[in-house]
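Given next are the chains, with one letter for each unit.
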Amino acid sequence: MGNVATSRKGERRLSLPSKDMMAAIAVTRFGLGARPGEIETAKADPQGFLTAQIRREGADLPQDDGETSADRFQQMREYQEQKKVERQRKDGQPPVAAAATPAAKEARRDLRDKVNDDFLARARLGANTPADFRERWALFWANHFTVSSTKQITSVLIGPFEREAIRPYVFGGFENLLVASSTHPAMLTYLDQAQSIGPNSRAVGRRGGKGLNENLAREILELHTVGVDAGYRQADVTEFARALTGFSVGRDTEDRVGQFVFRENAHEPGARTILGRHYGQGDIKQGLAVLKDLAADPHTARHVCGKIARHFVSDAPPKSLTERLERRWMDSGGDLAAVAKALVESPEAWDPTPAKFKTPYEYTLSTWRLIGAEPSAYERLAPILTGLGQKPFSAPSPKGWAEDAQTWASPDGLVKRMQWAQGFAAAVADRTDPNALALSALGPRLTPPVAKAVSRAETRREAFALLVMSPEFQRR
Amino acid sequence: MTAQMMNRRSLLGLGASLGISVSFLGSQAFAASEGDLAKKKLVVVICRGGMDGLSVSPPVGDRDYAGLRGSIALQPEHVLKLDETFGLHPELKTVHALATSGQARIAPAIASPDRARSHFEAQDVLETGASGVYGAETGWLNRTLEALAPVRKVEGLSVGTTAPLILRGKIQAASWSPGKGVDETARLPTLLQDLYRNDPMLGPAFARGLETETMAQQAMTAMAATPAMNVAAASTPSMAPPASTSATMANDRQYRQGSEAARKLGSTLGGFMIQAGGPQIAAISLDGFDTHAGQLGQIATRLSYMDAVLDGLHTGLGAEWKNTVVIAVTEFGRTARVNGTGGTDHGTASTGLILGGALKPGGIVGDWPGLAQSALFENRDTAPTLDMRGLFKGVLADHIGVDRAALESKVFPDSAAAKPVTGLV
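Chains as they are written, first to last, in our numbering: chain P, -10 to 465; chain V, 52 to 476.
Read the hints as simulated data drawn from the structure, not as lab findings. By construction, the Cβ of each residue, glycine as well, lies at the ideal position given by its N, Cα and C atoms. Accuracy of the hints is not assured; some may be wrong.
[What the hints assert, rightly or not] To give an idea of the chain V side of the interface with chain P (calculated C-beta under 7 Å), a few residues:
1. 226
2. 252
3. 343
Just chain P, with the same shape it has in the complex:
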């Protein structure tokens, strides 16, 4: 809960805490939790430790199988084709009752394994990386442009989506990130854009009963750019949906199978007016022009910078912080490296009182980092995340995962964290020195009550579980 943050006046001159404290904050608040020795490393120059992680070429790529979305798209189509053939063979049976043959079953298992491997590769990167601020920054944007496993075709594309459309762009201009996300097959299938067809386009005649779908247009406005209070209306949503018609994914029969295509013949002809701006008749350029204007809109700066501050600093961040980020966003034309730097340089972000409660993903990764290890298998990771309400690649809506303490510090969530901490401790604690771990995890953030509880525990396991369940470890 934002107790300190909200009580502070924006104008007050803020002083930074000691270097030692800043090192602990750098690693726990901006990063994903301390690996052994990480706080020590950050001590010399805590802010420099973070700014050094900002780089033009983007975030790191997880060590996965490297398949592109086009590869995955084709594999999924082959599997679906196989299923269809089987279904026809079992003529007369309702589709749900037609059990898959071994071949189709195997194909399905393969695809599911690939999705799980994508997730595991990302988690391993998070557990191992020394540049954990960079990784957090990438995770923030992956959640901002949420793509979730609601459809089979989308689920196999989430890993490639983060790799192709998010990670390379997170320290570049926001417009490029927005365009990459809005034209990626994962997003186009997740929010039904791929099938949307202009009601007066040439494609309509051929494909009877097909037409507009406004899902992506609405969520770009509401979630990705200007935000719900920017004053747009239903007519703006519909107009934007018309402008986006033609943004689609190449079919099996086309050259660019599984890649972004612009379907000229599905594009709604005519000029559009969106948020009071006029867009002349045009093909793909029309939609891209709207995206460009949305990216540059001051409402977007306000909406997204507010989210950045709430993600990294506090559920109720000080106004002075959000305004500072917003200013840097506008001055730099949405340069995300500049905004990241502004965040690190903001004194409001270094308040020694931790205001954020770790999400289940952040929490579990930080326990692996604590012992300098990584999850060895998907099955080590998925059940706890699902149990805590954050099932892998399955955000509940296009809004993405919640990031506030109210959501995650629930009675049931805390009990489940404790049960997991007990199990994790049973597996790893016997090889550790809990007192040393407490210091290496929290540095000067370790409070006397926690240090005392850890040192007085009856067993290493109990000590370990107390440490990872302590308020200090669960907050950042």
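Assemble chain V onto chain P, guided by the hints.
Just chain V now, with coordinates in the frame of chain P:
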């Protein structure tokens, strides 16, 4: 809601009910001992994503229905018939059976006061009970607990790991989802309670979580002892709530598991509520209703899960079903017309379900505006005729016994225009 949206019949109905309901309520409140009220139960099911009312209770008798819906229209002979106008979706078998015995009713054109068609805004308004977005920071079920606190202690529970906004607020409500159970022999829970003693957030939440877990063990033990209702131990992985059995790689087996998990979830919740000191008020969320494309199959799965939850709840509550009201609502309905991709986009009014043994039999709740083009809201959506806050207020007053003045001032401020729906129980 403007006066324009309320047609003549609803105004007359309100006028007539006002005088009667006041005196009726007065006498009922007077007659009812606290003991009676303490048995009353309320379950709110939040269907997230914008549930399509025209699929929940297809108005197959409305002459404009088939034309608007095109490829996703349900055939009259396939729906479960309610009356000359409405049927229920074929997957809502439990709801239909209950409706046949007067224990389920539909509100076919219900909406929150929000008109923005944004999931997130509309869910906020549904859960805060405010008249507009950002109107309140706490949930109306939590404020209900608060309003009841001076009279009697009422427990609230949400099903699922994360606490939904509707139950957030000053009173620490419980949350629960199936899991491993707590090792009673470990010292850890006690040590952690010590460690959290001065933590205003973790302290109360953790204590509440432990209490609920203990209750869950009791509920589960009690149910396992009943052969007819053999609910498996909580450690069964398939007890994950249906919300998380998303459509990824869904197949027949997963679908059956999903229904089974949903049924167990419902019966476990029922088991909770019949425990001594168990929650009287509970909230449960079901997601996956955002059917922009390929709606027919998707919504059938989601509605079958909802039906299974309700079936489980009915079974789990046993004899206490007669003291229960269940309300299922969504943040908004969907467009009346099918869109270009075999789905529907964000709309306005939807169908609410009201069920329970405490319910009085009757027809539809609120008015049916019809689907004629001139009747559609913004020539697009089912027009709202009933503010859902009116339904909530009516049930809270008449069923749970919440003080009228507290309802208007605390639980649903700025809701004077949404008159309580009376005569439901």
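Here is what the structure says about each hint:
no.	hint	in the structure
1	226	holds (4 Å)
2	252	holds (6 Å)
3	343	holds (4 Å)
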